[in-house]
Amino acid sequence: MNKCISLQEVKGLFKDGMTIMCGGFLGVGSPEGLVRELINNGAKNLTVISNDSAFPEMGVGQLIVNKRVVKLIASHIGTNPETGRQMIANELEVILVPQGTLAERIRCGGAGLGGVLTETGIGTLVEEGKIKLVSNSVKYLVELPLRADIAIIKAKKADRAGNLVYEKSARNFNPLMALAADRVIVEVDELVDTGEIDPETVVTPGVVIDNIVVAERY
Amino acid sequence: MNKCISLQEVKGLFKDGMTIMCGGFLGVGSPEGLVRELINNGAKNLTVISNDSAFPEMGVGQLIVNKRVVKLIASHIGTNPETGRQMIANELEVILVPQGTLAERIRCGGAGLGGVLTETGIGTLVEEGKIKLVSNSVKYLVELPLRADIAIIKAKKADRAGNLVYEKSARNFNPLMALAADRVIVEVDELVDTGEIDPETVVTPGVVIDNIVVAERY
Amino acid sequence: MTPKEIIARRVARELKNGDVVNLGIGLPTLIPNYLEPGVDIVLQSENGFLGLGPLFGEADPCLVNAGGQPCGILPGGAFFDSAMSFALIRGGHVDVSVLGALQVDSQGNLANWMVPGKKVPGMGGAMDLVTGARHVIIAMEHCTKDGAAKILTQCTLPLTCVGKVHTIVTEMAVFRINNGLVLEELSPGVSIADVRSCTEAAFTVGPDCIDHVDSITEHTGSFSATPGGKR
Amino acid sequence: MTPKEIIARRVARELKNGDVVNLGIGLPTLIPNYLEPGVDIVLQSENGFLGLGPLFGEADPCLVNAGGQPCGILPGGAFFDSAMSFALIRGGHVDVSVLGALQVDSQGNLANWMVPGKKVPGMGGAMDLVTGARHVIIAMEHCTKDGAAKILTQCTLPLTCVGKVHTIVTEMAVFRINNGLVLEELSPGVSIADVRSCTEAAFTVGPDCIDHVDSITEHTGSFSATPGGKR
Chain S
144 MNKCISLQEV
154 KGLFKDGMTI
164 MCGGFLGVGS
174 PEGLVRELIN
184 NGAKNLTVIS
194 NDSAFPEMGV
204 GQLIVNKRVV
214 KLIASHIGTN
224 PETGRQMIAN
234 ELEVILVPQG
244 TLAERIRCGG
254 AGLGGVLTET
264 GIGTLVEEGK
274 IKLVSNSVKY
284 LVELPLRADI
294 AIIKAKKADR
304 AGNLVYEKSA
314 RNFNPLMALA
324 ADRVIVEVDE
334 LVDTGEIDPE
344 TVVTPGVVID
354 NIVVAERY
Chain Y
144 MNKCISLQEV
154 KGLFKDGMTI
164 MCGGFLGVGS
174 PEGLVRELIN
184 NGAKNLTVIS
194 NDSAFPEMGV
204 GQLIVNKRVV
214 KLIASHIGTN
224 PETGRQMIAN
234 ELEVILVPQG
244 TLAERIRCGG
254 AGLGGVLTET
264 GIGTLVEEGK
274 IKLVSNSVKY
284 LVELPLRADI
294 AIIKAKKADR
304 AGNLVYEKSA
314 RNFNPLMALA
324 ADRVIVEVDE
334 LVDTGEIDPE
344 TVVTPGVVID
354 NIVVAERY
Chain C
2 MTPKEIIARR
12 VARELKNGDV
22 VNLGIGLPTL
32 IPNYLEPGVD
42 IVLQSENGFL
52 GLGPLFGEAD
62 PCLVNAGGQP
72 CGILPGGAFF
82 DSAMSFALIR
92 GGHVDVSVLG
102 ALQVDSQGNL
112 ANWMVPGKKV
122 PGMGGAMDLV
132 TGARHVIIAM
142 EHCTKDGAAK
152 ILTQCTLPLT
162 CVGKVHTIVT
172 EMAVFRINNG
182 LVLEELSPGV
192 SIADVRSCTE
202 AAFTVGPDCI
212 DHVDSITEHT
222 GSFSATPGGK
232 R
Chain U
2 MTPKEIIARR
12 VARELKNGDV
22 VNLGIGLPTL
32 IPNYLEPGVD
42 IVLQSENGFL
52 GLGPLFGEAD
62 PCLVNAGGQP
72 CGILPGGAFF
82 DSAMSFALIR
92 GGHVDVSVLG
102 ALQVDSQGNL
112 ANWMVPGKKV
122 PGMGGAMDLV
132 TGARHVIIAM
142 EHCTKDGAAK
152 ILTQCTLPLT
162 CVGKVHTIVT
172 EMAVFRINNG
182 LVLEELSPGV
192 SIADVRSCTE
202 AAFTVGPDCI
212 DHVDSITEHT
222 GSFSATPGGK
232 R
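Protein chains in written order, with the working numbering: chain S, 144 to 361; chain Y, 144 to 361; chain C, 2 to 232; chain U, 2 to 232.
Calculated from the structure, these hints are not laboratory results.
You may find that some hints are simply not true.
[To be verified] Below, computed lysine-lysine pairings styled on DSSO-like, alpha-carbon distance capped at 30 Å:
| id | chain 1 | residue 1 | chain 2 | residue 2 |
| --- | --- | --- | --- | --- |
| 1 | U | 17 | S | 214 |
| 2 | S | 187 | U | 120 |
| 3 | U | 119 | S | 273 |
| 4 | S | 210 | S | 275 |
| 5 | C | 17 | Y | 273 |
[As the list claims (entries may be wrong)] Residues of chain C placed beyond 10 Å of chain Y at every Cβ, according to the derived structure:
| id | residue |
| --- | --- |
| 6 | 61 |
| 7 | 91 |
| 8 | 120 |
| 9 | 121 |
These numbers were taken from a predicted model, which means no experiment stands behind them.
We treat Cβ as the ideally placed atom computed from N, Cα and C, and that holds for glycine.
Let's have the full structure, built from the sequences with the hints guiding it.
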């Protein structure tokens with residue numbers, strides 16, 4: 144089972160209408176090479192799940208600018224003016240989710256949980272259309288899992304088995320998305336032989352990773 | 144803020160009737176020194192939350208044998224005959240929780256979540272008295288958070304800020320319990336200066352740790 | 002071969018190269034001994050790691066399997082906490098879960114965690130494993146030590162799950178559960194009649210099942226002592 | 002001092018040694034500059050670490066604060082993923098959250114994430130922060146740039162939370178929310194009348210609040226240009 148593939152081989156995996164998760168926080172920890180291949184591949188009508196829409200020239204922001212996205216699920220879109228413009232022009236549906244809730248919904252999708260109860264969003268627009276439960280006199284929203292067809296994530300280093308370690312604040316949503324998609328593709332700066340990463344420091348175990356792509360130097 | 148205390152100072156913290164979480168899996172990764180101090184301290188009528196009741200001479204098993212526990216919440220009690228005996232003799236209330244559900248309930252307690260939805264236990268005795276929700280045609284149980292007055296956990300190494308790394312399969316429930324109690328006391332084999340643990344490899348951040356005790360050599 | 006060895010060997014053939022597998026304690030731990038060459042699997046240990054391997058060198062008190070026995074970890078393994086362990090299990094990241102059973106029935110129900118009033122070890126991770134693993138295999142001797150059937154029309158003991166079992170492997174036969182119980186395969190020398198006599202549940206016979214009609218039940222031992230061993 | 006500096010300095014006095022603090026982007030990031038000697042706090046950054054510190058040396062593209070600016074990490078810090086970051090935030094492990102506001106009202110409601118039809122940046126981590134942090138401090142200029150009140154009887158913009166704000170610090174005053182709005186402290190030279198003229202919400206005056214009755218509103222500048230700056 145060779146998980147290592149080239150960016151060329153990645154390209155064929157993306158299809159119109161897919162749901163794509165993309166790691167990163169304001170573009171930090173986004174798989175830039177994979178985003179570029181996704182754009183080159185031409186897939187459109189995508190649903191994208193990401194913390195934010197980054198910047199027009201960075202991370203998932205480029206997918207927005209290139210009009211590949213019909214629906215965006217994110218916690219924040221303020222850094223990419225194009226996202227707001229498309230939303231107001233009704234070219235793009237944006238579902239805003241509190242960041243902690245977004246993290247838990249993705250975690251649920253990866254962990255086989257049917258949802259979580261959170262107080263976050265109670266009394267706000269976020270509660271619209273959601274089931275509410277009262278427990279111990281506190282009102283909670285039932286927030287449902289999120290999954291994707293493909294997750295594209297970024298890590299610092301992988302071994303050939305797919306075990307991953309991340310770098311500083313570039314970790315963010317990547318380890319959560321690594322469990323929450325039918326296919327998980329990781330872009331890494333460094334590939335090492337299986338066994339070279341201390342099992343104690345592995346953040347994402349290799350069994351959840353389908354494909355590894357080594358980032359090209361820019 | 145000196146978090147480092149002696150076993151003597153720990154002793155006074157335990158009170159009758161408290162709920163105590165204790166890390167470990169069949170005793171592996173249990174804070175043996177803290178369990179011993181808890182026994183020496185004399186606190187009784189305890190509610191204990193732990194994966195299992197370990198063995199009569201190991202981990203929380205010793206609390207059972209010493210009749211300090213009135214209620215045990217665990218996934219497995221088969222390795223400690225005294226637990227079963229006390230349960231059948233109505234000396235001890237035992238609430239059995241599927242292990243994955245136990246982990247999530249403790250995680251909820253630490254993460255400010257009101258509960259999780261899991262399919263685990265549907266159609267079994269586990270569902271008794273619980274709210275059920277159907278989502279996407281799947282029936283789920285709503286499982287509620289668990290918290291404790293004090294969590295006693297075991298780690299391999301702490302820095303003086305309380306940042307923790309664990310050792311191999313002795314990690315288990317310890318990192319979850321580290322967030323889920325009003326006071327968290329960790330027993331470590333090794334204490335190092337703040338800054339000596341690489342921030343990338345910290346498993347439990349120090350801010351959740353109240354007290355650090357260095358294990359005595361046996 | 003003992004019945005346990007027959008079962009372990011047959012379960013091993015269910016496993017494909019690259020499968021992530023969780024093995025229950027007892028009989029299932031024998032399975033890796035029987036993997037075909039070229040079939041590499043990754044073992045998940047519910048207490049918090051992937052890459053479970055045999056013990057080599059000195060036992061490390063901090064490295065045990067889900068039964069508490071000292072073990073090893075193979076290159077490419079990873080340690081994690083119990084929440085991650087069960088995220089992997091519940092989330093469908095474990096391809097195969099192999100467990101023992103007290104009872105299993107033709108609806109795919111399983112009972113393996115308590116005998117009311119007698120023995121209540123608890124479910125441990127079993128309920129999550131059967132709920133989350135993609136393929137749930139029950140590996141067990143066909144009958145109890147007393148000769149009672151364990152494959153039933155309906156489980157009578159408290160359930161571990163409802164309708165989650167896919168495959169049953171015993172020393173006599175292999176069943177799939179697919180709108181009821183289907184006998185898929187017989188062990189060498191075992192006849193359909195032999196199986197019927199030891200199985201309470203009704204079952205259909207799959208198209209590829211070869212009946213060893215003339216068999217004498219001498220090969221596997223464990224059930225030959227219990228002719229007609231029904232409940 | 003600018004109004005922002007006055008606010009940051011006053012918020013800094015709310016922080017106790019050892020507090021775990023999350024600072025919103027903008028004004029709140031000035032606060033660490035004004036900590037008293039002996040007050041060490043730990044900064045939590047919602048994008049995944051504890052021990053946020055000033056940038057020293059070259060910027061690392063993988064180490065940024067929640068606003069995306071390059072920063073540093075102090076000894077004793079720790080990195081984690083977004084689920085852990087918000088487990089800490091939602092779970093009460095962050096002692097103080099300091100955020101800006103568009104509007105805040107006397108029931109402790111906050112609006113700071115959207116202006117319908119105009120600007121919808123999104124809530125980011127704000128809704129979780131106000132829900133989970135033990136002490137929620139709103140740090141903002143008392144009025145809008147146009148002189149409109151931001152401390153209202155009832156927020157009119159979409160809410161970030163209901164009843165979660167504990168403290169409001171502006172360049173004019175400090176309020177606690179405790180069964181309604183309580184004026185606790187006035188900035189030097191600011192009178193109760195000054196505050197009333199810039200605040201839509203009714204408030205009571207706390208017992209320790211010293212009224213600078215004879216004040217001329219020249220100290221802080223920002224609101225002196227908007228006498229009677231009500232909505």
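Restraint status (C-alpha distance of residue 17 of chain U to residue 214 of chain S at most 30 Å): violated (44 Å)
Distal placement of residue 91 of chain C relative to chain Y, Cβ over 10 Å: violated (5 Å)
Pair hint residue 210 of chain S and residue 275 of chain S, alpha-carbon separation not exceeding 30 Å: Since the Cα atoms of residue 210 of chain S and residue 275 of chain S sit roughly 35 Å apart, the hinted pair is violated (cutoff 30 Å).
Holds or violated: residue 119 of chain U to residue 273 of chain S, with C-alpha atoms at most 30 Å apart: holds (26 Å)
Distance rule for residue 61 of chain C, whose beta carbon must clear each one in chain Y by more than 10 Å: violated (7 Å)
Pair hint outcome, residue 17 of chain C versus residue 273 of chain Y [Cα-Cα no greater than 30 Å]: With Cα atoms ~38 Å apart, residue 17 of chain C and residue 273 of chain Y exceed 30 Å; violated.
Distance rule for residue 120 of chain C, whose beta carbon must clear each one in chain Y by more than 10 Å: violated (7 Å)
Interface exclusion of residue 121 of chain C relative to chain Y, criterion Cβ beyond 10 Å: Incorrect as stated: the minimum Cβ-Cβ distance to chain Y is 6 Å, not above 10 Å.
Agreement of residue 187 of chain S and residue 120 of chain U with the hint, judged by alpha carbon distance not exceeding 30 Å: Within the cut-off at roughly 27 Å; holds.
Checked against the numbered hints given earlier, this structure breaks hints 1, 4, 5, 6, 7, 8, 9; the rest are met.
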